[in-house]
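Order-wise, the sequence lines are chains A and B. Okay, so the first sequence: first residue is 1 according to full-length UniProt numbering, each after it adds one. Okay, so the second sequence: first residue is 1 according to full-length UniProt numbering, each after it adds one.
Because the hints were derived from the structure by calculation, they are not lab data. Accuracy of the hints is not assured; some may be wrong.
Interface residues of chain B toward chain A, partial, derived using beta-carbon atoms under 7 Å [as the list claims (entries may be wrong)]:
#: 1; residue: L70
#: 2; residue: M77
#: 3; residue: G87
#: 4; residue: Q187
#: 5; residue: Y310
Beta carbons: idealized from backbone N, C-alpha and C, even for Gly.
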Amino acid sequence: MTTTSETGTPETRNSGTATPGTATPGSAAPGSATPGSGTAGDDRLTGAAAAAAIALGDDALVLSHRLGEWAGHAPVLEEDVALANIALDLLGQARTLLSLAGDEDELAYLREERDFRNIQLVEQPNGDFAHTIARQLYFSTWQELLHDRLARGDVPESAPFAPLAAKAVKEVAYHRDHAEQWTLRLGDGTAESRERMQRGLDALWRFTGELFQPVDGLGVDPSSLEADWLARIAAVLDRATLSVPEGPRRNGWTAGAGRQGLHTEPFGRMLAEMQHLHRSHPGASW
Amino acid sequence: MTAVLDAAGGASAPAEVFEAAVAADERIEPRDWMPDAYRATLVRQMAQHAHSEIIGMQPEANWITRAPSLRRKAILMAKVQDEAGHGLYLYSAAETLGTSREELLDKLHAGRQRYSSIFNYPTLTWADVGAIGWLVDGAAITNQVPLCRCSYGPYARAMVRICKEESFHQRQGYELLLALSRGTEAQHAMAQDAVDRWWWPSLMMFGPPDSESSHSDQSMAWKIKRHSNDELRQRFVDICVPQAESLGLTLPDPDLRWNEQRGHYDFGPIDWDEFREVLRGNGPCNEERISQRRRAHEEGAWVREAAAAYAAKHREADA
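Required output: the full structure, derived from the provided sequences and hints.
Quick look at the structure:
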């Protein structure tokens, strides 16, 4: 699969199609970090719509980064290609989304941990291959449902996201298929792979509640995706001879916490690595 | 390769057919007869080439998580992905000679087959990513473009695809260095330091001097190789000097100067002791590179076993 390097060109958007909501308290709207925000003729989203773009953009950015950590470490060469490919697609999505709200690099490299709005699921360390696949299965199944809905553009609030979603839905269908195929192989492979796959699914289960928390400014209520998501996950796990994990999918810490800038501990270390070089050379261009 | 008819109109002996095909610049294909030594040389060279692509992912992947802009991060990820893809083409091409990817990887992991010595140097700064693109990929292209006309068909065809992507990477590396060179003082210094560290190892990529190159004559006769090591190295230096000038960077060689009579740049002596040390396994990163490769393979064993077990079950189920 050939991937061009210039994946993140922001979609141009007809001004006037968006219905920017009111600014949400604690929203990650970049404010002073974004020189262009609010200027006349600016194509950028503001308020709740910008916050929604950042939330989805952060999901893609952070998961892309985690998948990038696999480069050169995958179990087979084909997976080095596949994981890098998925990481690139997600990075392209992140660049488009963040650019809707501000400057992609300022948003990626100059915000603190508490300002990131990604869900906690995507920031979880890679673990073993099964752990990575479980994370990908949960996330890309959700992402496909969400983008499918956003791509319809039938809700005024979601109109700014429709062009991105129309492109992304094709990518995430591939990601979901990749995760499903591996869930089947690992679940219905050897005793060891089955155990590892189940362990990965169980360990990440508690983070999945957050997928269905509301995102202001998106125009689609993620909680409306939950029944479909559960049915799809259950069907794949059943085919893979695995069980749907038990136990809470939400609690005080995991329900919507990432969307409020409350993250798990490994995330700060991930950001330290990601941002170090950029922050060491203030104002430089690369 | 077309059959060559002898004077009496009968088919020639296979060795003669092979020699005639090579002489006529025709391609040798997997089912054609070929001398055992030709086959062995190609397996060795293609394996080394494939291994270099996959070991070569490491020094660059080292910077994926620290790339300083999202655009650069995307470019670097795409590049490392391309390298895995090149490894795949080359292992497939080598498999047409009757070996297998598993066997070649085992030999790599056991230290019985080599990869390019250049990847035993560390990437210490972001600028190294640019220096690798410009110099290392540049040297690789200089070496590999003639391989597009190599006598063995599957190798030649793999190289056509690979060279297209490599020249794209090389331009990206140059462009990365240009941005640094024209950036802040600290960025310029970073770029210069990287070029200083990668220049000589890049010249070593062309292999030992012609006087010491053990495989050269036979490979040239078989048209696996088209130019000598020293010829290609000279061609590379001649290309790089003006590029360094337009980058605003210097090359770390006080003896580098234009030679009017030869119509080439003269350059200083290469430290062949360093080259031999790296080949012997004593370079800065030999241990890390091969350990990481082995670890990825060993830690991935259960995944490959799972895939095989799943495939076997479903073959039975589908039968």
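A quick look at each hint next to the structure:
1. L70: Because about 5 Å separates L70(B) from the closest Cβ in chain A, which is inside the 7 Å limit, the hint holds.
2. M77: Holds - the Cβ of M77(B) comes within 7 Å of chain A, reaching about 5 Å at its closest.
3. G87: holds (6 Å)
4. Q187: Given a least distance of 6 Å, the restraint on Q187(B) holds.
5. Y310: holds (4 Å)
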